[in-house]
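Input sequences plus hints: build the corresponding full structure.
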Amino acid sequence: MVKPILSVDNLIKHFPIGKDSAVYAVDGVSFSINEGETLGLVGESGCGKTTVGRTLLRLIEPDSGKVTMGGIDVLSLNSDEMYQMRKRMQIIFQDPFNSLNPRKNVVQLISEPLLVHKVGTKNEIRQRVFHLMETVGLTTDLANSFPHEMDGGRCQRIGIARALALNPEFIVCDEPVSALDVSIQAQILNLLQDLQKQRTLTYLFISHNLAVVKHISTRVVVMYLGRIMEVAQTHDLFSNPIHPYTKALLHAIPNPSLRKRESRIILSGDVPTPVNPPPGCRFVKRCKYACERCKVDTPVLEDMGKGHMVACLRAKDGIGGII
Amino acid sequence: MKGETDLNYKNEQIISERETLLKINNLNVEYRTIEGVVHAVNGLNLMIQEGESLGLVGETGAGKTTTALSIMQLIANPPGVTTAGEVWYKGRDLIKLSDRELQKLRGNQVSMIFQNPMASLNPVHTVGDQIIEVLRRHQSLSKNQARKKASEMLNKVGILESRMNEFPYEFSGGMQQRVSIAIALACQPKLLIADEPTTALDVTIQAQVLELMKELKKDFDSSLLLITHDFGLVAEVCDKVAVMYAGIAVESGSLEDIFNRSKHPYTEGLFNSIPKIDESVERLIPISGLSPDPKSLPPGCPFHPRCPYKMDICEKEMPGEYIEGEQTVLCWRCLNG
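Protein sequences, first through last, are from chains Y and L. Heads up, our numbering is the position in the first sequence plus 148, with the first residue counted as 1. Heads up, our numbering is the position in the second sequence plus 224, with the first residue counted as 1.
Hints were generated in silico from the structure; no laboratory data involved. Glycine included, every Cβ here is placed at the ideal spot set by N, Cα and C. Certain hints may be false.
From the derived model, a few chain L residues whose C-beta atoms are all more than 12 angstroms from chain Y [to be verified]:
# : residue
1 : Gln297
2 : Leu365
3 : Ile547
DMTMM-like, lysine to aspartate or glutamate: derived pairs with alpha carbons at most 25 angstroms apart [unchecked claim]:
# : chain 1 : residue 1 : chain 2 : residue 2
4 : Y       : Lys436    : L       : Glu439
5 : L       : Lys500    : Y       : Asp342
6 : L       : Lys519    : Y       : Asp289
7 : Y       : Lys395    : L       : Asp454
8 : L       : Lys441    : L       : Asp454
What follows is the structure, given as structure tokens:
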């Protein structure tokens, strides 16, 4: 039986702007991640994907909510306890160049987490660093290179080695391949999959690229303006999206094949700002199925069968047969 | 649906009877820097017919943007030098034109949309003034006429006229890119060059911008050179494709040629390394190794160090063109059957 390794309950993070407004970056997000699975988190820029990833690790402190990792309430830990907890949860950042200290070479960069957590003697650490380099596919002759001497793919491998150094159980991958070229992107995706198999890792994979998320994830969460719109098994989400936003998002991806496509749904208007959003459904302004109720009532995630959760008031009445 | 296919076929026929608008022959561009000579474009051949859309696909550093800039003759010199080649536009070699003649062409007959709209719009002028500028520069219009036409252009790209007097920062990324499109298309250019026009945009906004570009291109009967790293975009917008690697077009042809019958190992490798939304594979097949350093390109075929089908000759000599119908491939494997 699969058990959740991490669960998030009603997570809220608002960034205040001045006295009486705030960016509602994450506004009541709940989900859980099972051991050994990859949960994809997709959405457009500004929907709060990264904020979710960072609040889980308390790199940003959430306003309220609950994050439980292996039975421990992460948000109630004091700094000593959190320091221990960080060995179990790590993060890979989006921009491999800016997330590495340009004045440190590969060995220094990868040994940093080991030194911070005082794992073993100098010699042991050095050995572990070389072992990690081999694991992520960096050749030993790069040991003394600096980030600026390497391409994005190699820098991202360093980022992955740093995240793996302390043998975590859970890794937040925050757009790990979006800064990379496609041929390199495939190398890194394969590496992440191999590592997951070897070490039974659990990933939260944040990306705006739906094709990548589909490829790597077991389940997918779709976010829009700080809220979750839909959660489902990857196959269900892509073959049978229910939320009007998910449908539009899937339609918007240019498909690199010449197969005939159905007529596209093109959303009108821009993504509204997450500053002081009105009540009701966040998607109401761009949704063609919106009714009066959608402007007032806030939809909550409801199970539509087989764990396919949708937050849409109109999903239950079938939205006039579109489902 | 069938009617549409027939129509496409008919369109293709019309296109093939049309004249060549742009022809690039053996273009070589290098950047002479302190660290060495960067060979950005190394003998590129390209052709765009009137009314046609060509997708130029390649990874970072393949020379896509340099190609675009050399069509516009906008490469900063120094460090950029065009060492050889011709860029024929309607019977004139753009490389040999004087600055004055080029200024008449740019923004008028040939115009460009850049990747980052915020960086390509002038932050201290209103968007209206920026559209008026290009109109007044190229067409003998009075201020009022230009103003009227600029507001029509804004309407065409889906922005309310009332926003004429707003500054670029007051618009979202998608809206800014619409403004860039309005500026680029204001004079109804024959050739529109779009350099990664939607890379900075979200997918739902990208879909809007693409739809708009397709519509306006049809209305104005312009040709399009779309520079991108995204095969998805090419499939949506283009008629023809050229795949660029290390400064040359390693393979070019119709959409069907490239998507269904690609012959170059690099094209094949690219397709194998992208995850696809309508197919599931357990594992992606990446191209091994890294793109070559344009400061020290390998001898022979530039792809040989990463090529799974490498032969002895690939390391020594640059392959010539293998031509089959519309498809052109630079590969020894094709040449030797």
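Could you work out which earlier hints the structure fails to respect and list their numbers in ascending sequence?
Of the numbered hints given earlier, the structure breaks none, since each of them holds.
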